[in-house]
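Protein chains: 4
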Amino acid sequence: MIVVMKKNADKEKQDRLVDWLKSMGLGIHVSVGEFQTVLGLIGDTSKVDMDLLESLDIVESVKRVSETFKCVNRKFHPDDSVVEIGSVKVGGGHFCMIAGPCSVETEEQIVTVAKAVKAAGADMLRGGAFKPRTSPYDFQGLKAQGLELLKIARAETGLPIVTEIMSADALPLFEDVDLLQVGARNMQNFDLLKELGHFGKPVLLKRGLANTLKELLMSAEYIMASGNEQVILCERGIRTYSDYLRNTLDLAAVPMLHELSHLPVVVDPSHATGIARMVPPMALAAAASGADGIMIEVHNDPIHALCDGAQSLKPEEYAALVKKVQAVREVLA
Amino acid sequence: MIVVMKKNADKEKQDRLVDWLKSMGLGIHVSVGEFQTVLGLIGDTSKVDMDLLESLDIVESVKRVSETFKCVNRKFHPDDSVVEIGSVKVGGGHFCMIAGPCSVETEEQIVTVAKAVKAAGADMLRGGAFKPRTSPYDFQGLKAQGLELLKIARAETGLPIVTEIMSADALPLFEDVDLLQVGARNMQNFDLLKELGHFGKPVLLKRGLANTLKELLMSAEYIMASGNEQVILCERGIRTYSDYLRNTLDLAAVPMLHELSHLPVVVDPSHATGIARMVPPMALAAAASGADGIMIEVHNDPIHALCDGAQSLKPEEYAALVKKVQAVREVLA
Amino acid sequence: MIVVMKKNADKEKQDRLVDWLKSMGLGIHVSVGEFQTVLGLIGDTSKVDMDLLESLDIVESVKRVSETFKCVNRKFHPDDSVVEIGSVKVGGGHFCMIAGPCSVETEEQIVTVAKAVKAAGADMLRGGAFKPRTSPYDFQGLKAQGLELLKIARAETGLPIVTEIMSADALPLFEDVDLLQVGARNMQNFDLLKELGHFGKPVLLKRGLANTLKELLMSAEYIMASGNEQVILCERGIRTYSDYLRNTLDLAAVPMLHELSHLPVVVDPSHATGIARMVPPMALAAAASGADGIMIEVHNDPIHALCDGAQSLKPEEYAALVKKVQAVREVLA
Amino acid sequence: MIVVMKKNADKEKQDRLVDWLKSMGLGIHVSVGEFQTVLGLIGDTSKVDMDLLESLDIVESVKRVSETFKCVNRKFHPDDSVVEIGSVKVGGGHFCMIAGPCSVETEEQIVTVAKAVKAAGADMLRGGAFKPRTSPYDFQGLKAQGLELLKIARAETGLPIVTEIMSADALPLFEDVDLLQVGARNMQNFDLLKELGHFGKPVLLKRGLANTLKELLMSAEYIMASGNEQVILCERGIRTYSDYLRNTLDLAAVPMLHELSHLPVVVDPSHATGIARMVPPMALAAAASGADGIMIEVHNDPIHALCDGAQSLKPEEYAALVKKVQAVREVLA
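Residue numbers (the numbering used here), protein chains in the order written: chain A, 10 to 342; chain B, 10 to 342; chain C, 10 to 342; chain D, 10 to 342.
Heads up, some of the hints might be wrong.
Copies of the same chain are indistinguishable here, so a pair counts whether it falls within one copy or spans any two.
No farther apart than 27 Å at their CA atoms in a straight line, the calculated lysine-lysine pairs in the DSS-like style are these [said to hold, decoys possible]:
(1) Lys16 / Lys323
(2) Lys20 / Lys323
(3) Lys79 / Lys31
(4) Lys79 / Lys16
(5) Lys140 / Lys20
(6) Lys15 / Lys84
(7) Lys333 / Lys323
(8) Lys160 / Lys16
Hint data in this document are derived by calculation from the structure and do not stem from the laboratory.
Can you build the whole structure from these sequences, using the hints too?
In structure tokens:
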């Protein structure tokens, strides 16, 4: 860690700062320049509160030389991680297509969609049973019953299932779920992350509404530091001042996360754009950016059939898209 | 709710949409214009999924005429709400000053600071026992022990205590806490909000990192709809591309939240700016904007004494600030 | 335009508002609902100040039914526009690759790079002569001399040239430039846009630092309304709270702009990411999203050769990328 | 400047980098740590391209130790600057109230408003003659004629006038304007800034839509480096994802700009909020934050009189506000 002192910083205060840092077991290398003094901190600086240092009136700025994330860091784990969900592998060259309805509604619905997406080429089935909704008056999902319906669809198709968990209290219900999704709103629900670390089943961690890549990686670090190495990152769009789209899909996050971390990265173009017409181009772009998987909403029920343009694709649209995604993957190979 | 159809929208699809909306028990008023058709939806539109409608390829745009928040809405509750925390009132002309250290560290520390802020004019004591940290390797707070120390400080000073809760699992430990704080990262942890609704004790709800005012109000609605009317809103800065400050303090949120809702609004300038030198001007600005209270970090220990510029104020700085805040309040009166 | 009145809006004020709107030649359709009254404005509402209406204390909200952009609007021009720059066509299925150095430095440099990018498959040569820099102390470009060097490179290779114009004063120097670029910082320099409308040569309009798609289209409208139909839009990343990347490349803007407008859309992944390693995946993603062209920085000089990771690609990297971009284009076809 | 090398950076590349930096006349201090090597650059680093260095694949990160802004920097000019506009002083304890209509419309209008705001306590008259509008179809101002009407109003009241300039071409028309405003959209129109530096008259520089404080200061640096020291900074709200307000007023920018620079800082709450009801609380908050002046829209015509809630205040509202602002100023003294 490097601490740049302010020009003309009070000498006595600076000495007290150096003493305090030494009392934390750190080595301090003081480099006096023409205009400013720079302190180099050597040793385990993870216990140093960077914000506190930065706020001192004798300090100009502080810079960490080494990253605070360790388990997720590619520096210490150069090879790609491969996460296995049943027979499906994600990462390290293994690409997966996840598809299914926004919410699980009925057995007929979820089984029909599961069969359709399997036929179209999907590797995994998604479907919401616990639904986080901005309004307490909106449909909150079928909950435990929805999980049972997902398992029926899995039995019928063989597709592993992925669904969102909103609270550690519900973990006993997720014993037989293949991949547990943490939604954007819970990305920094640290108690939930720790419990998922102990739980041990694979986790799909979605990037929060307005979180940085470092924060996403630190949240993955919470899961890994608690003993669970089976983590998949998911880019799903971030909040900006966008006018025509719900969120801004940050595809450059894909190669950057691959550079920073060994974890697989999946993209969700359905939630990012909120408009089905935008899903195919963004799914192809995600594949071209090097993503390890794509998660897409697909529906198959009469009410939604009304809506050509809704967030969800129709099975035949999805099938056509899968073929193009595969062709893009071949260009990258 | 108003649905503006696209120019030349397919007539058959439009008829199916109208039928579907009618099947939900809504009255539909179709207004055919020169260029476009507009549907007016009459009845309980809270069950209509606005995003779904907006994504239809025959729909240009959708607009809600009435707000989806009800309990928090000033329209249905014109008078200011007053939240009572022990003998302290907040809102409706009652102004409160909340102060204390970032984290509870030792009995001596919290009691010393509590006495100092009381002497300076504070009405309530804050202090973190459960600490949400971006990194799993950072100090996570004294937890249950920290809560006990806060109660000792309350016994010594008579100040009601406010501290953060991170998970519904910990609620039994908070039976004797006066005001439960929901942190920015948990503003949309809906399961926690519902439990706090049932728990019934006063809640201080902080605005999330990048949440809109509507989302903040909907989260308050979760608590109120679950039966708890004792909610205080808190503006603590939002995430932007700011370069020299940690967050951007959105003070215009104060008069706007007062217009939209009857709930009291408190401002936290310490977390918003992250720099003690910026806290006094922003506290005065918060008072001038009409806030119902101000929450400020104050410390009193030798390590931090080193840091004139840290996020926390020293007790004597806080005492001077309280006097000026009171003078600004008098200008508004 | 639809004006939703506040519940219990003062009747007299409402009548005055209706009279005022009628005095502007508009027809007003008043629709009285159970809870609220809605005014439908019929006629040419382009002269109505929406912000003014929205700010009235009797008005809840205002919604435009029709877009304010006309020349750029796909509704009134359903076919893709094709912009012709010399023999190069952009849009309507014509895809172009633009490449060259960030700044024009010497004749040797620009000619060498021009030949290299032509050999690699580029259709057009870019290079900065007038450089907008945040600091007045940074290199501001070779200006008129840089334009002359670009023309020499064009003579040597036959590639049309594109370069940035910062001020209408400089227009006489750009008589013989093939495509004039408006940079992000000048996207809302309306006087410059109008002059470019009169000038008549093709314009590449970059999206501003934090501008919405509507604002980008309105700026294109300035050029078109002044008589110049040869406009290409360019997405180059927007400002967010991104931590590891300079900007956030908003690729969903590509299909959305294509839906809203008939104008071609080009993507600049070099400025969006600021890191050469990120350029190839983002260029492929841009192609997969349906962009009509890609603009990339390529260098060929010894100082930069030091920098494997600089923003600019080396010619051999660019040549390899062009092949993959073409393969992605074939997938879309 | 400090350059942190990547762990295991190629030794040969690093040597070439050091040689290149030395060839620029810089002294290099290489500090080899346990994990990483850090280069300290000594000398005039203003010519070093930080982005280029940062993008090298052997470089982890780069940090400037000294700021790139000089003329505007408080470090080199510890005392507050006082800008004089006729007999009005701004900064260094001198506070100014600027008021007037959004646009100059007629002689009667501007003279009436000028008299009203003078009576209410305003020190300067504002009014738009050249209007930057997002749409080419919106009213663009009375231009030269508007400037003449402003001068008439000045003659009638003695108030100095401030109005926006959009293009250097129009400078001859502004010879007799007291304070030239650069609007948010032109904050990085560097050619205009340079011309205003040569022109020499006082400039009110508004912060751009989404610009950082550093960028604002660098734009002021353009004016000062071109020879004009009479610069006032203006905070007018920045673009975020705000839902109920047009922009987010960043009041913490006021004390932070005062810390970084010696230039006066004025706040415009009218454009920041877009709603007259929000202007008084935000004006008071601006005064409490330590601003050196406040610019507010005031109208006095029958059409706007309809609009209690429009962006502009009525003269009587403004007069009441001025009194409260003065009372807040006394609290700070």
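Status of each hint after checking the structure:
1. Taking the shortest alpha-carbon separations for Lys16 and Lys323, only the inter-copy value of 24 Å comes in at or below 27 Å, while the best intra-copy value is 64 Å.
2. Within a single copy, Lys20 and Lys323 get their C-alpha atoms only as close as 70 Å, which misses the 27 Å cut-off; across copies the closest is 21 Å, which meets it.
3. Taking identical chains as interchangeable, the C-alpha atoms of Lys79 and Lys31 lie at most 27 Å apart only when both belong to the same chain, with a minimum of 24 Å there against 35 Å between chains.
4. Within a single copy, Lys79 and Lys16 get their C-alpha atoms only as close as 34 Å, which misses the 27 Å cut-off; across copies the closest is 14 Å, which meets it.
5. In this assembly of identical chains, the alpha carbons of Lys140 and Lys20 never lie at most 27 Å apart, being 57 Å within a copy and 34 Å across copies at closest.
6. Taking the closest pair of Cα atoms, Lys15 and Lys84 come within 27 Å of each other only across two copies (10 Å); inside a single copy the shortest separation is 33 Å, beyond that limit.
7. Taking the shortest Cα distances, Lys333 and Lys323 sit within 27 Å of each other inside one copy (16 Å), while across copies they are farther apart (30 Å).
8. For the identical chains of this complex, Lys160 and Lys16 are neighbours neither inside a copy (65 Å) nor across copies (44 Å), given an alpha-carbon limit of 27 Å.
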